[in-house]
Amino acid sequence: MASRSAPTSLRKRIRRKTPLLTMVSPVTVWMVILIAVPLAYVLLISFCSTDESHHIVFAFSVQNYVKLFDPTLLSIYGNSLLIAGLSCLISILVGYPFATIMANSSPFKRTLMMAFLMLPFWTNSLIRLYGWRSILGSNGFINSVLQELGLITQPLELLYNHFAVVLGMVYVLLPFMVLPIYTVILKLDHSLLEAASDLGARPARRFFKVTLPLTSSGIFAGSIMVFIPALGYFFVSNLMGGGTTQLIGNVIARQFKEAFNWPFGAALSIILILITLILVRAYTKTGGKMDDLGAM
Amino acid sequence: MATQGQTPGARVRNTVFSALVYAFLYAPIAVIVLFSFNTSRRNIVFEGFTLDWYGVMAGNTQLIDSLVNTLIVASCSTLLSVIIGSLAAIGMYRYRFRGRSAIDALLYIPVVIPEVVLGIALLSVFSFVNMPLGLLSMIIAHATFSIPFVVFTVRARLSGFDSSTEEAAMDLGANRLQVFRRITVPLIAPGIGAGAMLAFTLSIDDIIISFFTTGATSMTFPLKVMEMVRSGVSPDVYALSTIIILVTFAVVVTTQAVRYRREKGQ
Amino acid sequence: MSSQAIVELKGVNKSYGENHVVKDLNLTINEGEFLSVLGPSGCGKTTTLRMIAGFEQQTSGTILVEGEPVEDKEPFERNVNTVFQSYALFPHMTVYENVAFGLKMKRVARNAIKERVQEALTLVQLEGFEKRLPLQLSGGQKQRVAIARAIINQPRVLLLDEPLGALDLKLRKQMQLELKRLQKRLGITFVYVTHDQEEALTMSDRIAVMHEGILDQLDTPNRIYDFPATRFVADFIGESNIFDGLAEPQEGGTISVVTETGRVLCRGTSGFTAGEQVQLSVRPEKLRFAPEPKEGFELQGTVRENIFVGTFIKSILLLSNGQEVALTSLSGQPIPEVDACCYLFWEPEDAVILHAHSQEVWSTIANVDLSDFTPEASA
Numbered sequence: 001m002a003s004r005s006a007p008t009s010l011r012k013r014i015r016r017k018t019p020l021l022t023m024v025s026p027v028t029v030w031m032v033i034l035i036a037v038p039l040a041y042v043l044l045i046s047f048c049s050t051d052e053s054h055h056i057v058f059a060f061s062v063q064n065y066v067k068l069f070d071p072t073l074l075s076i077y078g079n080s081l082l083i084a085g086l087s088c089l090i091s092i093l094v095g096y097p098f099a100t101i102m103a104n105s106s107p108f109k110r111t112l113m114m115a116f117l118m119l120p121f122w123t124n125s126l127i128r129l130y131g132w133r134s135i136l137g138s139n140g141f142i143n144s145v146l147q148e149l150g151l152i153t154q155p156l157e158l159l160y161n162h163f164a165v166v167l168g169m170v171y172v173l174l175p176f177m178v179l180p181i182y183t184v185i186l187k188l189d190h191s192l193l194e195a196a197s198d199l200g201a202r203p204a205r206r207f208f209k210v211t212l213p214l215t216s217s218g219i220f221a222g223s224i225m226v227f228i229p230a231l232g233y234f235f236v237s238n239l240m241g242g243g244t245t246q247l248i249g250n251v252i253a254r255q256f257k258e259a260f261n262w263p264f265g266a267a268l269s270i271i272l273i274l275i276t277l278i279l280v281r282a283y284t285k286t287g288g289k290m291d292d293l294g295a296m
Numbered sequence: 001m002a003t004q005g006q007t008p009g010a011r012v013r014n015t016v017f018s019a020l021v022y023a024f025l026y027a028p029i030a031v032i033v034l035f036s037f038n039t040s041r042r043n044i045v046f047e048g049f050t051l052d053w054y055g056v057m058a059g060n061t062q063l064i065d066s067l068v069n070t071l072i073v074a075s076c077s078t079l080l081s082v083i084i085g086s087l088a089a090i091g092m093y094r095y096r097f098r099g100r101s102a103i104d105a106l107l108y109i110p111v112v113i114p115e116v117v118l119g120i121a122l123l124s125v126f127s128f129v130n131m132p133l134g135l136l137s138m139i140i141a142h143a144t145f146s147i148p149f150v151v152f153t154v155r156a157r158l159s160g161f162d163s164s165t166e167e168a169a170m171d172l173g174a175n176r177l178q179v180f181r182r183i184t185v186p187l188i189a190p191g192i193g194a195g196a197m198l199a200f201t202l203s204i205d206d207i208i209i210s211f212f213t214t215g216a217t218s219m220t221f222p223l224k225v226m227e228m229v230r231s232g233v234s235p236d237v238y239a240l241s242t243i244i245i246l247v248t249f250a251v252v253v254t255t256q257a258v259r260y261r262r263e264k265g266q
Numbered sequence: 001m002s003s004q005a006i007v008e009l010k011g012v013n014k015s016y017g018e019n020h021v022v023k024d025l026n027l028t029i030n031e032g033e034f035l036s037v038l039g040p041s042g043c044g045k046t047t048t049l050r051m052i053a054g055f056e057q058q059t060s061g062t063i064l065v066e067g068e069p070v071e072d073k074e075p076f077e078r079n080v081n082t083v084f085q086s087y088a089l090f091p092h093m094t095v096y097e098n099v100a101f102g103l104k105m106k107r108v109a110r111n112a113i114k115e116r117v118q119e120a121l122t123l124v125q126l127e128g129f130e131k132r133l134p135l136q137l138s139g140g141q142k143q144r145v146a147i148a149r150a151i152i153n154q155p156r157v158l159l160l161d162e163p164l165g166a167l168d169l170k171l172r173k174q175m176q177l178e179l180k181r182l183q184k185r186l187g188i189t190f191v192y193v194t195h196d197q198e199e200a201l202t203m204s205d206r207i208a209v210m211h212e213g214i215l216d217q218l219d220t221p222n223r224i225y226d227f228p229a230t231r232f233v234a235d236f237i238g239e240s241n242i243f244d245g246l247a248e249p250q251e252g253g254t255i256s257v258v259t260e261t262g263r264v265l266c267r268g269t270s271g272f273t274a275g276e277q278v279q280l281s282v283r284p285e286k287l288r289f290a291p292e293p294k295e296g297f298e299l300q301g302t303v304r305e306n307i308f309v310g311t312f313i314k315s316i317l318l319l320s321n322g323q324e325v326a327l328t329s330l331s332g333q334p335i336p337e338v339d340a341c342c343y344l345f346w347e348p349e350d351a352v353i354l355h356a357h358s359q360e361v362w363s364t365i366a367n368v369d370l371s372d373f374t375p376e377a378s379a
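These protein sequences, in sequence, are chains Z, D and P.
Numbering follows our numbering, in which position 91 of the first sequence is assigned residue number 91; successive positions increment by one, without gaps.
Numbering follows our numbering, in which position 219 of the second sequence is assigned residue number 219; successive positions increment by one, without gaps.
Numbering follows our numbering, in which position 337 of the third sequence is assigned residue number 337; successive positions increment by one, without gaps.
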């Protein structure tokens, strides 16, 4: 059938492959060396132990994983999950209406609102959280006002508790909830809502039966972007919680920077990786797109 | 979705709600700006107006150095991640090849994994290969978590892109490099710009990754603040933050104004 | 028409994995002609065009442009230019920059570029649009820019991939005429891919009909219409009534065909054996009502509908085996009422007889046979 096969010279094949190689090899090399290898290494050392001078001893043991079930640690996991969950919930309650308002605005107002949502990030999170201490502290703005008004005699303890940590988390992570929801609402086909109204759905019913299911992928994406970091943001609990609230992240950081028990810190990190894997798996199983997590 | 059909009541409610959200976001920033002019060293009560802290700040070489370090790390890691990320996005968009989904999976990891995990993983490997911790290690670490964000933003831009424009250029006699330079890059420039912006923002605000990958002599601004938290942050830090706020504010306002004028002009 | 071959495809195949989209294609395109490649979507016509342009590499076979094989040439090294279906204008460049792009790539002097861009824009009637961006143009204007941009390098062959597909009907008709005029004026060979049979019939010197990767027929529009080489061509180009039956060659060059609904007649070419399964294709305008049975015809039908379509009336008839046929007659002629039973016939030379089970073979034979009418196709 074929009269003569097309001559594809080696030179030509190389020439055709060159653009692909130049474009894709840098990222491949980079991500393998700096993501795949390090994570594999973490997994490896999580099965190791340390000697007296804190050096890693490469001898297989599961002792770090046994230690993970220490009762104090278990209560820290519980605390950590509770704080992450609360932060996530509050972010949804605030972020969803805000994203809706933003998506419903004129294009110019939209970009303006977006710019002012991201603007605070250019000032360091730590400083901004520190600003909250001046507001919430026992001599801070809120207590002063309340005392001036005679509503309280003793200053309220607003800092150094779970409430303050959750507030700090919401403060730092709120935009990561708003953005994915906003993107989904923008793409929402308006005629579906009109069809729902047309078919007699009242606003509340329409919201719960049509809008919310259609935008749930955004909520899910936002929840992942809030919940997972909230497990690890040890600086928020340091600043807002003082020593009262310990997150998994605090324990990990301490193993690496103070206790110098890296293998145990690695084992703790494996827990976080597992939680991440489970959540991301659930997200993609329900039709979530991975790109939506990163494209902002 | 359009604004039509909103009742005046709903509009008021929406405005009040947005205002409250922004108040929440900007309240501590207002505190910072206010206390940078405070005569008292303790950031608790406003006692009187002064510009002294701006002078103190200018003389605080450690603080200024930390800011310079932050900017160096942010610029270098942004540049690196933009180059690597944009090339990757184009390559992965244009070609189907084996291992493509594996690269994709690697790219998703830094986006979803807790920063503390990435931080300790990088620290472990850096120390395993005896890499000195400092600006370079931080630049590499920051580029690592920025690359995926650049890839995704550029990719989002590319998905609305008609690949036959590239073919058309080639058809008209442009070789691959010319097509890349004259067609591909200009067309995805907004995506690259957005990716760069994101990378830079993530880098200057980063605390956790820097916390693990920094060295003794390469303190960044966030780490400097972290160090000061225990003993109390002095108002000269507030002064520096105020300057940063003003500069970024000015940049955003001007770009938005230019944009607005251009949109109106068309 | 000059008979010099400018593009030749010899035994060209293209597969994407298991998917064989172009099958053993032999096609010679002559210098200066307007050749349409016509077929439904997925027939391999666009792939064929893209192989000539160099965007796709054939799996096997040879493509010659101006007598030279082009396998090793990149798209930017080939002396052919393309007008894309989506126009593919560079959105970040003005009309002027778009049109000038090809010249810039050839490093033509600035003054010469200016002159030639002006010339090209005049040719497509877009003077004064130089500074506009593609976003600010209508579909028809974009189309013109795409054409100006493609002809600026004075290619020997212009490849057009359904260039009018996105335009509305009225504009499309107007652009058809303009394109045809432009082609005559420039003397460039046009290879025009379309799925619109009417477009192909109006504009082309020759039409190549493709179907599932196979070239079914290559001929002038007239002959494609009157003498479709395959059942597919008969069906795809215009409307056809197809009858299945067994051939019974008669004395004097006619063939009687026994169909399910009775005997009919057609003029036979040689090559049909007694008892062979054949198909007859009869255009609705060739089908006639008869008050009484005609000699050689036993075809009967019941009128289902008479539809008035301007200058003619279209009747839908039901045959005894349930098959529907269409018949058109000029308005004003007497036609049977709805539900009336009537006899049908045609002039034997108006029916085209086709071998039923060997379409692929037949298409090859047809292509060879047709060299009598188009001598240049005998390459």
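The set of hints was computed from the structure by calculation and includes no laboratory data.
Incorrect hints may appear among the rest.
As the list claims (entries may be wrong) - Simulated restraints on C-beta separations:
1) GLU74(P) - THR255(D): 37 to 45 Å
2) THR202(P) - LEU21(Z): 45 to 53 Å
3) VAL258(D) - LEU156(Z): 55 to 63 Å
4) PRO107(Z) - SER159(D): 40 to 48 Å
By construction, the Cβ of each residue, glycine as well, lies at the ideal position given by its N, Cα and C atoms.
Evaluated hints:
Here the CB-CB span from GLU74(P) to THR255(D) is close to 41 Å, well matched to the stated 37 to 45 Å. One distance hint, 45 to 53 Å for the beta-carbon pair THR202(P) and LEU21(Z), holds here, with the actual separation near 48 Å. At roughly 46 Å, the beta-carbon separation of VAL258(D) and LEU156(Z) lies outside the given 55 to 63 Å, and the hint is violated. In this structure the hint that PRO107(Z) and SER159(D) lie 40 to 48 Å apart at CB is violated, the actual value being about 20 Å.
In summary, the numbered hints that this structure violates are 3, 4.
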